[in-house]
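Position 403 (the sequence shown) corresponds to 403 in full-length UniProt numbering; numbering is contiguous.
Note that these hints are calculated values from the structure, not bench results.
Just to be clear, a hint being listed does not mean it is correct.
Stated by the list, open to error - Under the rule of at most 20 angstroms between Cα atoms (straight-line distance), these lysine to aspartate or glutamate pairs were calculated in the EDC-like manner:
1) 225 - 332
2) 225 - 172
3) 423 - 379
4) 225 - 315
5) 402 - 380
6) 191 - 204
7) 423 - 394
8) 397 - 428
9) 326 - 278
10) 177 - 154
11) 104 - 416
12) 177 - 152
13) 197 - 217
14) 397 - 380
15) 225 - 319
16) 146 - 332
17) 104 - 394
18) 225 - 166
19) 215 - 163
20) 397 - 332
21) 146 - 163
22) 215 - 152
23) 104 - 428
24) 397 - 201
25) 177 - 211
26) 215 - 154
27) 191 - 201
What the hints assert, rightly or not - Each pair of labels, with its calculated beta carbon distance range:
28) 310 - 370: 37 to 43 angstroms
29) 339 - 149: 50 to 56 angstroms
30) 320 - 157: 52 to 58 angstroms
31) 282 - 317: 25 to 31 angstroms
Everything numeric in this text was worked out from a predicted model, so none of it was measured.
Beta carbons are placed, not taken as given, at the ideal position from N, Cα and C, and that holds for glycine.
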Amino acid sequence: MKDPMDLDTPLKPPPAPGSDSPATAAPEARRDRTAPEAQRTDAPKRRSILGRVLAWLVVLALIGGGVWWFAFRPAPEMAARGGPGGFRPGMPTASPVVTATVEKGDMPIRLNGLGTVSSLATVTVRPQVGGQLTQVAFTEGQAVQKGDFLAEVDPRPFQLAVEQAEAQLLRDQALLKNARLDLERYRLLVKQDSIAKQQRDTQESLVQQYEGTVKADQVAVENAKLNLSYTRITAPVSGRAGLRLVDPGNYVTVGEAGGLVVITQVQPISVLFTLPEDNIPAIMARLRDGAHLPVTAYDRTRDRVLATGTLTTVDNQIDVTTGTVKLRAQFDNADQSLFPNQFVNVQLLVDTLAGVPMVPVAAVQRGAPGTYVYVVNGEDSTASVRPVTLGASDGAKTVITKGVQPGETVVIQGADRLREGAKVAATDGAAQPAAPTPSSEGPRPQRRPQRNAS
């Protein structure tokens, strides 16, 4: 076996510079043959990708154009009919709107609050003398008048006490009478110098002593009679009797803890309610002028008027935790529609603005110009934006203190389709049937919040 390193083995000469060896020439030839084929394969792929990119660009351009058109389009303009069978472009179509006339009238300023009916007097009837309760003359829930007979404590012990006091008075009056007669005799004897003056003076002191005793006896008689009168229990105030707390036959004591019955005055009756502190200056100004501010009480749902009364009292301090002030109104409550501790909605009429411009609440718009209305120009039937300053409102109409004048026409429906200078086809809102509303008395005040387990 020949050694690979045998010098006798003929060696192949190295390739000349610039010439390719057989090992490298074959791959180069293969690359030269496959390059055109790869280019022919990649060209359709590049054309497909480019087509999809162009298609997406067209779609995005269409979407962007549509968004721009709807966001920045001018006032609605459509081809108006030029006659039978065709349209004539360039003529703006009038937008249908409902209008109302700015009125000049009186606007009541009402404040709404939450209130609780409160009795002007609530009295617990208690016995003023102790003894057995022999009679109860009232029925539960009965309307009683001041002085009406309610119950009776056994009067016999107190009648005996009166008779005993009167007997003691008679006895002491007799002693006083005798002492006075003796005093007259002693004075005569002193003038005759028959007795010492000291004896007369002693008799004068005895007379004064008996006079004091008689005076005390008279007081005792009056006290006994007073206690006897206390056995007959009467109503201290007019009102409605509550539930009977003690039955006949029970022994009652002075100042009985639970009392016999509770009487609550319901005619007249009051309502305690609260209002925000910001409203107090206007109320106090009216009260200083001597005005009698009317107050209306509504039921919990504000569907029914319960009673009308007058504001009587404003509390002397503000509740810092709520920023409100307590007020009291008084009601005759002739039909007893107000019941103690009943929850009511309260409406206070503070003042009435006379002869002010008013528009329906629906006419007022809010946007970039602030608060504004659309005013219809009668000459060319176009709508223009008019900034306004608002005043008081009753929930249906709003006072305009600045911006419009009585007699002008404002848009109350269809304002969302309008722009400055847009053509309108106006319909008078007064000619349309009024939509039913739950109440025309003003905005509904809030209801009493539900108590938490607050």
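Here's how the hints hold up against the structure:
1. The straight-line distance between the Cα atoms of residue 225 and residue 332 is roughly 38 angstroms, outside the 20 angstroms bound, and the hint therefore fails.
2. Distance hint between residue 225 and residue 172 is fulfilled; the C-alpha atoms sit about 19 angstroms from each other, no more than 20 angstroms.
3. Of the supplied pair hints, the one linking residue 423 and residue 379 holds, its CA atoms being roughly 11 angstroms apart against a limit of 20 angstroms.
4. With a C-alpha separation of about 44 angstroms, the suggested pair residue 225 and residue 315 falls outside the 20 angstroms cut-off, and the hint is violated.
5. Between residue 402 and residue 380 the CA atoms are separated by roughly 24 angstroms; this puts the pair beyond 20 angstroms, and the hint is violated.
6. Between residue 191 and residue 204 the CA atoms are separated by roughly 15 angstroms; this keeps the pair inside 20 angstroms, and the hint holds.
7. A threshold of 20 angstroms between alpha carbons decides the hint, and for residue 423 with residue 394 the separation of about 31 angstroms lies outside it, so the pair is violated.
8. Using a Cα cut-off of 20 angstroms, the hinted pair residue 397 and residue 428 holds, with the two alpha carbons roughly 17 angstroms apart.
9. The straight-line distance between the Cα atoms of residue 326 and residue 278 is roughly 13 angstroms, inside the 20 angstroms bound, and the hint therefore holds.
10. A C-alpha spacing of about 37 angstroms is found between residue 177 and residue 154, which places the hinted pair above 20 angstroms, so the restraint is violated.
11. Between residue 104 and residue 416 the CA atoms are separated by roughly 26 angstroms; this puts the pair beyond 20 angstroms, and the hint is violated.
12. A hinted pair counts as satisfied when its Cα atoms are at most 20 angstroms apart, and residue 177 with residue 152 does not qualify at roughly 39 angstroms.
13. In summary, the hint linking residue 197 to residue 217 is not supported, as the alpha carbons are separated by about 31 angstroms, beyond the 20 angstroms threshold.
14. Among the hinted pairs, residue 397 with residue 380 is inconsistent with the structure: their alpha-carbon atoms are about 27 angstroms apart, more than 20 angstroms.
15. The suggested pairing of residue 225 with residue 319 is violated, with an alpha-carbon distance near 50 angstroms, which exceeds 20 angstroms.
16. Pair hint residue 146 plus residue 332 holds up; C-alpha atoms about 17 angstroms apart against a cutoff of 20 angstroms.
17. For the hint pairing residue 104 with residue 394, the CA-to-CA distance comes to about 15 angstroms; that is within 20 angstroms, so the pair holds.
18. Among the hinted pairs, residue 225 with residue 166 is consistent with the structure: their alpha-carbon atoms are about 10 angstroms apart, no more than 20 angstroms.
19. Simply put, residue 215 and residue 163 have alpha-carbon atoms about 16 angstroms apart, close enough for the 20 angstroms limit, and the pair holds.
20. Taking the CA atoms of residue 397 and residue 332, the gap is near 32 angstroms; set against the 20 angstroms cutoff, the hint is violated.
21. A distance of roughly 30 angstroms separates the Cα atoms of residue 146 and residue 163; the hinted pair therefore is violated under the 20 angstroms criterion.
22. At most 20 angstroms may separate the alpha-carbon atoms for a hinted pair to count; residue 215 and residue 152 exceed this at roughly 30 angstroms.
23. Pair hint residue 104 plus residue 428 holds up; C-alpha atoms about 17 angstroms apart against a cutoff of 20 angstroms.
24. Note on residue 397 and residue 201: the hinted pairing is violated, with a Cα-Cα distance of about 96 angstroms set against a maximum of 20 angstroms.
25. For the proposed pair residue 177 and residue 211, the alpha carbon gap of about 9 angstroms is at most 20 angstroms, so the pair holds.
26. For the proposed pair residue 215 and residue 154, the alpha carbon gap of about 29 angstroms is over 20 angstroms, so the pair is violated.
27. Taking the CA atoms of residue 191 and residue 201, the gap is about 13 angstroms. The hint holds against a cut of 20 angstroms.
28. A C-beta distance of roughly 40 angstroms is found between residue 310 and residue 370, which places it inside the suggested range of 37 to 43 angstroms.
29. At about 26 angstroms, the CB distance of residue 339 to residue 149 disagrees with the hint of 50 to 56 angstroms.
30. Between residue 320 and residue 157 the Cβ separation comes to about 56 angstroms, which falls inside the hinted range of 52 to 58 angstroms.
31. For residue 282 and residue 317, the Cβ-Cβ distance of about 18 angstroms falls outside the hinted range of 25 to 31 angstroms, so the restraint is violated.
Of the hints listed earlier, those the structure fails to meet are numbers 1, 4, 5, 7, 10, 11, 12, 13, 14, 15, 20, 21, 22, 24, 26, 29 and 31, in rising order.
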